[in-house]
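Chains as they are written, first to last, in the numbering used here: chain Y, 1 to 109; chain E, 1 to 116.
Source of the hints: derived by calculation from the structure; they are not laboratory data.
Please note: incorrect hints may appear among the correct ones.
Here are the simulated DSSO-like cross-link-like pairs (lysine-lysine), alpha carbons at most 27 angstroms apart as the crow flies [what the hints assert, rightly or not]:
| no. | chain 1 | residue 1 | chain 2 | residue 2 |
| --- | --- | --- | --- | --- |
| 1 | E | Lys57 | Y | Lys2 |
| 2 | Y | Lys42 | E | Lys15 |
| 3 | E | Lys57 | E | Lys17 |
| 4 | Y | Lys42 | E | Lys11 |
| 5 | Y | Lys45 | E | Lys11 |
Take a look, some chain Y residues computed to stay more than 10 angstroms from chain E by CB distance [as the list claims (entries may be wrong)]:
| no. | residue |
| --- | --- |
| 6 | Val13 |
| 7 | Asn22 |
| 8 | Asn27 |
| 9 | Ser49 |
| 10 | Gly54 |
| 11 | Leu64 |
| 12 | Asn65 |
| 13 | Arg66 |
| 14 | Ser68 |
| 15 | Ser72 |
| 16 | Leu80 |
| 17 | Ser81 |
| 18 | Asn96 |
| 19 | Pro101 |
| 20 | Pro109 |
These numbers come from a predicted model, not from an experiment.
Note that beta-carbon positions come from the ideal geometry of N, C-alpha and C, so glycine has one too.
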Amino acid sequence: RKEVEQDPGPFNVPEGATVAFNCTYSNSASQSFFWYRQDCRKEPKLLMSVYSSGNEDGRFTAQLNRASQYISLLIRDSKLSDSATYLCVVSNYGQNFVFGPGTRLSVLP
Amino acid sequence: GAGVSQSPSNKVTEKGKDVELRCDPISGHTALYWYRQSLGQGLEFLIYFQGNSAPDKSGLPSDRFSAERTGGSVSTLTIQRTQQEDSAVYLCASSRDPMIDADTQYFGPGTRLTVL
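Extracted from the complex, chain E is given alone in its bound form (with noise of 0.2 angstroms):
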């Protein structure tokens, strides 16, 4: 089937504003990732869903970031009073069960946005 889908693609905004993003997982994978990558940097792990369990949440920089995944399926990640520095590329993944078998993570092409 399909691969991971994110949109939109780009979202330029204004600093204050907020913004939702959006992922469609790759069907029956039951794990779901977000990351940010600043321009020439390493990815930053921000989120993680696992079936019905608590989201890890560990890596979501301050209390402005939040993530839903509703369903099991698709995921928002929503950034509230934006800032210049959230400027990024937002980037989700997904993968099968990896409490049943460490499995590789398949990436969707991004979402960046640009927080004038």
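The following block holds chain Y by itself, in its conformation from the complex (with noise of 0.2 angstroms):
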């Protein structure tokens, strides 16, 4: 099993839609939770850190489930330029950030 699954994708929504991600991870002492963002032949760069309380920022809510070893992202109200694929990422004290591998979605008009 690998240390970080995703739903494989890839996702095609229309403009507006609300689009849901999923991820699980196997370590349990995993520490720390991101989303990350990666446009097409583009590096990583940070959405989100994803908290035990869960968090939302504008359109974009993450939530963790630490009993499930589950994160997940939501996204509303969906914008073309949300197109990308979304890494779910975990790490032990930064030091072994395991990244899942991605989640591509499509925002068509």
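Hey, can you piece these two chains together into the complex? The hints should help.
What follows is the structure, given as structure tokens:
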């Protein structure tokens, strides 16, 4: 089993749709959780950290369930500019960042 | 200040040649990571430097790969006797001291390596 697994995708959604991505991790010692986005042929960039209580940043909401070792990302009111690959990342005090394979999102006009 | 920079941005080499890839992390960042990403694939961890500690080399795929970090700043990834399967984008990232505060990674633009 891979350390970090994500929905295989791709997700093709119309503008304005709500879309949710799921991620599971196998290392129960993981302490930090992030969502990164990666545009085609670009480097990954931090989208948001994920906190135990859940957190929201504008149209984006991240949730963490430590008991189930599950992380989610919800995007509301999708924009064309949201089209990218979304990477789930877990780490143990920064010593070992493990990236998931990514889920590709295409928002269609 | 400036972000993470990498050079060269593109490198085309012949099979069997050695290549050196350079990474300049963000000033003050003590942690530095190297990853590689093959076309359409996820990021593969290669090596991790943290301050003066011994690097975590657990991700290096073979002994043809090595990396060093001089003065706790600039890092060089060296691939000896390159093979076609080494063709990928090599990404460098840095972060502040992760032992104090788990922090985000900031990525450089990558070096696209093509081995003919």
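Cross-check of the supplied hints:
1. E:Lys57 to Y:Lys2: 19 angstroms, holds
2. Y:Lys42 to E:Lys15: Answer holds: Y:Lys42 to E:Lys15 is near 26 angstroms, not above 27 angstroms.
3. E:Lys57 to E:Lys17: Holds, because 22 angstroms separates the two Cα atoms, which is no more than 27 angstroms.
4. Y:Lys42 to E:Lys11: Holds, because 16 angstroms separates the two Cα atoms, which is no more than 27 angstroms.
5. Y:Lys45 to E:Lys11: Given pair Y:Lys45, E:Lys11 holds - Cα atoms ~23 angstroms apart, limit 27 angstroms.
6. Val13: Y:Val13 clear of chain E: closest Cβ-Cβ about 21 angstroms, beyond 10 angstroms.
7. Asn22: 16 angstroms, holds
8. Asn27: Y:Asn27 is indeed farther than 10 angstroms from all Cβ atoms of chain E, at 13 angstroms.
9. Ser49: 7 angstroms, violated
10. Gly54: 17 angstroms, holds
11. Leu64: 13 angstroms, holds
12. Asn65: Non-interface label on Y:Asn65 holds, nearest chain E Cβ at 19 angstroms vs cutoff 10 angstroms.
13. Arg66: 15 angstroms, holds
14. Ser68: Label holds. Min Cβ-Cβ 21 angstroms, cutoff 10 angstroms.
15. Ser72: The claim stands: Y:Ser72 keeps its Cβ more than 10 angstroms from every Cβ of chain E (closest is about 19 angstroms).
16. Leu80: Non-interface label on Y:Leu80 holds, nearest chain E Cβ at 22 angstroms vs cutoff 10 angstroms.
17. Ser81: 19 angstroms, holds
18. Asn96: 7 angstroms, violated
19. Pro101: 4 angstroms, violated
20. Pro109: 24 angstroms, holds
Hint violations for this structure: numbers 9, 18 and 19, all remaining hints satisfied.
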